[in-house]
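Visitor: As you go down the protein sequences, you meet chains Y and R in turn.
Residues in the first sequence are numbered consecutively from 1, following the UniProt record's numbering.
Residues in the second sequence are numbered consecutively from 1, following the UniProt record's numbering.
Simulated from the structure, these hints should not be mistaken for laboratory data.
It cannot be assumed that every hint is accurate.
Since the list gives no way to pick one copy over another, a pair counts as held whenever it fits inside one copy or between any two copies.
As the list claims (entries may be wrong) - In silico BS3-like links for lysine-lysine, alpha-carbon gap of 25 Å or less:
no.: 1; residue 1: K153; residue 2: K178
no.: 2; residue 1: K177; residue 2: K491
no.: 3; residue 1: K153; residue 2: K183
no.: 4; residue 1: K50; residue 2: K38
no.: 5; residue 1: K153; residue 2: K99
no.: 6; residue 1: K188; residue 2: K360
no.: 7; residue 1: K334; residue 2: K64
no.: 8; residue 1: K235; residue 2: K65
no.: 9; residue 1: K64; residue 2: K396
no.: 10; residue 1: K235; residue 2: K177
no.: 11; residue 1: K3; residue 2: K360
no.: 12; residue 1: K235; residue 2: K542
no.: 13; residue 1: K113; residue 2: K123
no.: 14; residue 1: K3; residue 2: K363
no.: 15; residue 1: K99; residue 2: K188
no.: 16; residue 1: K113; residue 2: K144
There are 2 protein chains.
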Amino acid sequence: MDKRTVGCLGGGQLGRMMVYAAHRLGVRMCVLDPLGEKSPAGQVAEMSVKGSFQDAEAVRALAKKCDILTLEVEHVNAEVLEELHQAGVPVQPLPFVVKLIQDKYVQKVHLQKHGVPLPEFEKVESEADLHSIGERFGYPMMLKSRYGAYDGKGNAVVPNAQGITAAFEKLGGKAGKKLYVEKWAPFKMELAVMVARGVDETMNVTMRTYPVVHTVQRDSVCFTCLTPPVGVTQKQQELAQKIATDAIKSFGDARGIFGVEMFLLEDGSVLLNEIAPRPHNTGHYTMEACGVDQFEQHLRCVLGLPLGDCQLRVGGAMMVNILGQGETPEMVTKTMAPLRRALLVPDAGIHWYGKEGCAKGRKMGHITVTGFTPASALEEIRPVLAAVDGDDAVNKLDVPTKPAPSVGIIMGSDSDLPTMKDAAQVLDDFGIPYEISIVSAHRTPEYMYEYATTAEARGINVIIAGAGGAAHLPGMVAALTPLPVIGVPVKSSTLSGNDSLLSIVQMPKGIPVATVAIGNAANAGLLAVRILGAANPGQRQKMARYMASWLFSRALRFERKIGEV
Amino acid sequence: MDKRTVGCLGGGQLGRMMVYAAHRLGVRMCVLDPLGEKSPAGQVAEMSVKGSFQDAEAVRALAKKCDILTLEVEHVNAEVLEELHQAGVPVQPLPFVVKLIQDKYVQKVHLQKHGVPLPEFEKVESEADLHSIGERFGYPMMLKSRYGAYDGKGNAVVPNAQGITAAFEKLGGKAGKKLYVEKWAPFKMELAVMVARGVDETMNVTMRTYPVVHTVQRDSVCFTCLTPPVGVTQKQQELAQKIATDAIKSFGDARGIFGVEMFLLEDGSVLLNEIAPRPHNTGHYTMEACGVDQFEQHLRCVLGLPLGDCQLRVGGAMMVNILGQGETPEMVTKTMAPLRRALLVPDAGIHWYGKEGCAKGRKMGHITVTGFTPASALEEIRPVLAAVDGDDAVNKLDVPTKPAPSVGIIMGSDSDLPTMKDAAQVLDDFGIPYEISIVSAHRTPEYMYEYATTAEARGINVIIAGAGGAAHLPGMVAALTPLPVIGVPVKSSTLSGNDSLLSIVQMPKGIPVATVAIGNAANAGLLAVRILGAANPGQRQKMARYMASWLFSRALRFERKIGEV
Numbered sequence: 001m002d003k004r005t006v007g008c009l010g011g012g013q014l015g016r017m018m019v020y021a022a023h024r025l026g027v028r029m030c031v032l033d034p035l036g037e038k039s040p041a042g043q044v045a046e047m048s049v050k051g052s053f054q055d056a057e058a059v060r061a062l063a064k065k066c067d068i069l070t071l072e073v074e075h076v077n078a079e080v081l082e083e084l085h086q087a088g089v090p091v092q093p094l095p096f097v098v099k100l101i102q103d104k105y106v107q108k109v110h111l112q113k114h115g116v117p118l119p120e121f122e123k124v125e126s127e128a129d130l131h132s133i134g135e136r137f138g139y140p141m142m143l144k145s146r147y148g149a150y151d152g153k154g155n156a157v158v159p160n161a162q163g164i165t166a167a168f169e170k171l172g173g174k175a176g177k178k179l180y181v182e183k184w185a186p187f188k189m190e191l192a193v194m195v196a197r198g199v200d201e202t203m204n205v206t207m208r209t210y211p212v213v214h215t216v217q218r219d220s221v222c223f224t225c226l227t228p229p230v231g232v233t234q235k236q237q238e239l240a241q242k243i244a245t246d247a248i249k250s251f252g253d254a255r256g257i258f259g260v261e262m263f264l265l266e267d268g269s270v271l272l273n274e275i276a277p278r279p280h281n282t283g284h285y286t287m288e289a290c291g292v293d294q295f296e297q298h299l300r301c302v303l304g305l306p307l308g309d310c311q312l313r314v315g316g317a318m319m320v321n322i323l324g325q326g327e328t329p330e331m332v333t334k335t336m337a338p339l340r341r342a343l344l345v346p347d348a349g350i351h352w353y354g355k356e357g358c359a360k361g362r363k364m365g366h367i368t369v370t371g372f373t374p375a376s377a378l379e380e381i382r383p384v385l386a387a388v389d390g391d392d393a394v395n396k397l398d399v400p401t402k403p404a405p406s407v408g409i410i411m412g413s414d415s416d417l418p419t420m421k422d423a424a425q426v427l428d429d430f431g432i433p434y435e436i437s438i439v440s441a442h443r444t445p446e447y448m449y450e451y452a453t454t455a456e457a458r459g460i461n462v463i464i465a466g467a468g469g470a471a472h473l474p475g476m477v478a479a480l481t482p483l484p485v486i487g488v489p490v491k492s493s494t495l496s497g498n499d500s501l502l503s504i505v506q507m508p509k510g511i512p513v514a515t516v517a518i519g520n521a522a523n524a525g526l527l528a529v530r531i532l533g534a535a536n537p538g539q540r541q542k543m544a545r546y547m548a549s550w551l552f553s554r555a556l557r558f559e560r561k562i563g564e565v
Numbered sequence: 001m002d003k004r005t006v007g008c009l010g011g012g013q014l015g016r017m018m019v020y021a022a023h024r025l026g027v028r029m030c031v032l033d034p035l036g037e038k039s040p041a042g043q044v045a046e047m048s049v050k051g052s053f054q055d056a057e058a059v060r061a062l063a064k065k066c067d068i069l070t071l072e073v074e075h076v077n078a079e080v081l082e083e084l085h086q087a088g089v090p091v092q093p094l095p096f097v098v099k100l101i102q103d104k105y106v107q108k109v110h111l112q113k114h115g116v117p118l119p120e121f122e123k124v125e126s127e128a129d130l131h132s133i134g135e136r137f138g139y140p141m142m143l144k145s146r147y148g149a150y151d152g153k154g155n156a157v158v159p160n161a162q163g164i165t166a167a168f169e170k171l172g173g174k175a176g177k178k179l180y181v182e183k184w185a186p187f188k189m190e191l192a193v194m195v196a197r198g199v200d201e202t203m204n205v206t207m208r209t210y211p212v213v214h215t216v217q218r219d220s221v222c223f224t225c226l227t228p229p230v231g232v233t234q235k236q237q238e239l240a241q242k243i244a245t246d247a248i249k250s251f252g253d254a255r256g257i258f259g260v261e262m263f264l265l266e267d268g269s270v271l272l273n274e275i276a277p278r279p280h281n282t283g284h285y286t287m288e289a290c291g292v293d294q295f296e297q298h299l300r301c302v303l304g305l306p307l308g309d310c311q312l313r314v315g316g317a318m319m320v321n322i323l324g325q326g327e328t329p330e331m332v333t334k335t336m337a338p339l340r341r342a343l344l345v346p347d348a349g350i351h352w353y354g355k356e357g358c359a360k361g362r363k364m365g366h367i368t369v370t371g372f373t374p375a376s377a378l379e380e381i382r383p384v385l386a387a388v389d390g391d392d393a394v395n396k397l398d399v400p401t402k403p404a405p406s407v408g409i410i411m412g413s414d415s416d417l418p419t420m421k422d423a424a425q426v427l428d429d430f431g432i433p434y435e436i437s438i439v440s441a442h443r444t445p446e447y448m449y450e451y452a453t454t455a456e457a458r459g460i461n462v463i464i465a466g467a468g469g470a471a472h473l474p475g476m477v478a479a480l481t482p483l484p485v486i487g488v489p490v491k492s493s494t495l496s497g498n499d500s501l502l503s504i505v506q507m508p509k510g511i512p513v514a515t516v517a518i519g520n521a522a523n524a525g526l527l528a529v530r531i532l533g534a535a536n537p538g539q540r541q542k543m544a545r546y547m548a549s550w551l552f553s554r555a556l557r558f559e560r561k562i563g564e565v
């Protein structure tokens, strides 16, 4: 669709998945990599150049074969990119941004200047500097290499003043390596957002932002990503997206996709950690979960094609990286075990990168599992994670591990339980995970507020609320969540449930409650199943089968009764 | 994940997409094609052999490089496959099935023997045969070549006795080409189903069936596929899946994916048309729409890996083929126009095949658009189809063209309209397509039955039913569909809607109706939006924004009122 050939500095797995996207779009690619045509991307690209992406001559050789240059790794020769760009070769993202990002200290200075919230940081010229900074920042602090760091390489924790010398030496400070230090960010979790920056038809900048993911690192390497993040409010997610977008806005006319890693602190504030000017491990989930994946989006940005849709097409997605276990045949088999296990998971996307060898710790592939909710994606990926990291793999993650509730059943009092248990029974019959809680609008109004406002982020899709008398719970909850709320009027002793029914059903315009018959919680469960099936043909078929069998079994029982008469 | 190398006879687009799937799974492939490494599949496969898949030596050369053989085209040298199979080289699907399918007449005899419903057919040895058969079959009849036919090549309609000679000559009957003839099947539409046949861990045969698609041919070449098919009942779809599955069951231990094309007749019966023992154009939609796509599924079958899930992950999907317009630069640009247009469609998957040249009529790529319903997928793909075939492209298709109703609003009488229009207004505000009909449980019980039982197949996700007095409509409709039904009690003159409310809300156990306040159809619309958002975070955000703005605007209005006092 585009006659230009795209040259890519780097031929690893990110480049490989970029080439697949280029194929689909009818765009030719040429990759530059030390492994040339044997690199993961070189194996599938139309052309390749064998050489280092840090070698000026090799980059120039790539440019000769291509109409536009981009990259899948930022540790490239930015000087020669700048020179080529000056000479009229389009390079995206712009070389000045690549250069700026390469030096993490300069990156931070730039972002700070543009008002992006960051952990405090300072340049380190000598070991002595660290002592004085440590007195101000407190311990632990994070010492970082300014250049060439990735996957935790180039980071060293300084636990206290006594640890300064070791950390300084570990990162080569004594040998003259350039370093800087960051104040410790006491984060609750790490978040990441992919931001796409392209142009519209009139060449004006246009941006799109993917959903927020919760990333878990293992030995400083990305291990899993979950989206939407559980336990992060809508507002916090919007804040993370805004910070990521603001940061990328500071990059002038640079185009491409950017991976933005952030910290969510206990107080709900968000600090930017670092930026990658390219497709990123935390964006792999977009292949199964979003309208257009990060690789196609990157090409669209770079080529000036219209941007694709970033929204989730699924209720949740979880990705796990597959790292090499070692080169022996046993270790290769062990490395591939989670892929084999993933074949049994209905919603798993398996991605092997085709690398030669299987070195320990090397990124060999990844698996993404999608689900109706983030919690159900987590539940489905559980056996795959177990194959990676033992049976308690999920427990070792700092993410919720309970079976994924899709329906929340709440009631004003435990006296409602004999009625409400019928809803739970129906959900059990249909295999739909749910949670049951006592939530009273009148006795525990604050908990009610908390429950209703966090239900969506916890992955709940439908709420069933039972209440009797002056029954305010269903309506109040409906006023606090965009989720559908089903109301069950519980039969009252004074007015036989007439009070409950009218309190629940007669909601004012603007806030609906789906009301079922007095005391009929089973129907509330069935309505929840139908609601979950509204967009899910498979679920709908289960309801159709239930309806057929239900009528059939009733008829049978009736015949039996007739026989008894 | 599997150390075996898979050899594929044929290196076209089907082979190319099979190679992508092999990459993801970590399986090596070698393709045999006259274009060798320049063929669409050869460009991306690890290895390739240049040669014809009909040439015994070339097939043997392929076998030497591979551990197991499969194919992406059935017009291959089946004798040499049989010979290799006898010599211990695994070949899947089994060569006897490939041979049997190659001769369409033998294929039909085989299927008839196994009780698969087919159009009547008969062998044709001479032109004279056609006269006597014509007297029995009636005209028109369909004369077909027994061998080597695809994409309509090898078919000739015999309109009447006078047309026999021309048709017989057209297909080379005089030159000794082997032919057979089929009785005309007066079909309402053409359906297709992909069937996967693999083995479980104990090497027992296991089968999975993909959803039914409605295929539209243009000049005897597949033009579009729509799933689920609109206007085909659940029972008819199940019948088509059963016939397809029964047919493939007749193939003994053969493994792989099979494309089964069928006719749906006006009376609702289904006849099998023909079978392809390989991935098929009518299965391309599985890449965006299903758990595991047909290419990965084929490899899983062939390699004896666990089968993947076939169910739809979306409400609907439509695929359109992109055929070459010609070799000139203008024609190449014209060919690619629909791809460029598809960049603007949020849910479009674009697939260019990387073929050399752009010969007129050649399959160059395809585009699949997914949606919340089949009708919305059709609506979204409209501009892409227009770029292929002019502004009236959709109208020329024999599929519904109306904007996609996702919500059905029904009411017992037009006197309910002043109440029910508020539901429509809300849906308009949220941009959700809907249909409005008068359906009375009492006055038009048969239409009510028809409406309720076909709503799901028409792509409706939620029904809003309003009724007053002895209000039976919501509950009766709920008893006839697995979809969620929202009931609006319309205010009655006699009992102020108390009768309507109790008739709607007090449903018996088993059949729920989501009841809203008396006369509050706006809330029914909002509840429908919430239901559609239960599995759709984007939709849910719209509701959250609405709730925020609603409260805000109310508060503003109240302040203004206060000011006026």
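Visitor: All hints, please: hold or fail.
Guide: Okay, the hints, checked on the actual structure:
1. K153 <-> K178: Cα proximity of K153 and K178: one copy only (14 Å, versus 70 Å across).
2. K177 <-> K491: Neither: 75 Å inside a copy, 80 Å across copies.
3. K153 <-> K183: within (18 Å within a copy, 72 Å between copies)
4. K50 <-> K38: Result: close both inside a copy and across copies, 9 Å intra and 21 Å inter.
5. K153 <-> K99: within (19 Å within a copy, 58 Å between copies)
6. K188 <-> K360: Answer is neither: 29 Å inside a copy and 59 Å across each miss the 25 Å cutoff.
7. K334 <-> K64: For K334 and K64, the Cα distance exceeds 25 Å both inside one copy (43 Å) and across copies (29 Å).
8. K235 <-> K65: Close neither inside one copy (47 Å) nor across copies (57 Å); limit 25 Å.
9. K64 <-> K396: Neither way: K64 and K396 sit 49 Å apart in one copy and 47 Å across, limit 25 Å.
10. K235 <-> K177: So K235 and K177 fail the 25 Å test inside a copy (40 Å) and across (72 Å) alike.
11. K3 <-> K360: between (40 Å within a copy, 20 Å between copies)
12. K235 <-> K542: For K235 and K542, the Cα distance is within 25 Å only across copies (14 Å; inside one copy 36 Å).
13. K113 <-> K123: Classified as within: same-chain Cα gap 15 Å, cross-chain 83 Å, threshold 25 Å.
14. K3 <-> K363: between (33 Å within a copy, 19 Å between copies)
15. K99 <-> K188: neither (31 Å within a copy, 63 Å between copies)
16. K113 <-> K144: For K113 and K144, only the intra-copy Cα distance (20 Å) is at most 25 Å; the inter-copy one is 74 Å.
Going through the hint list in order, the structure does not satisfy hints 2, 6, 7, 8, 9, 10, 15.
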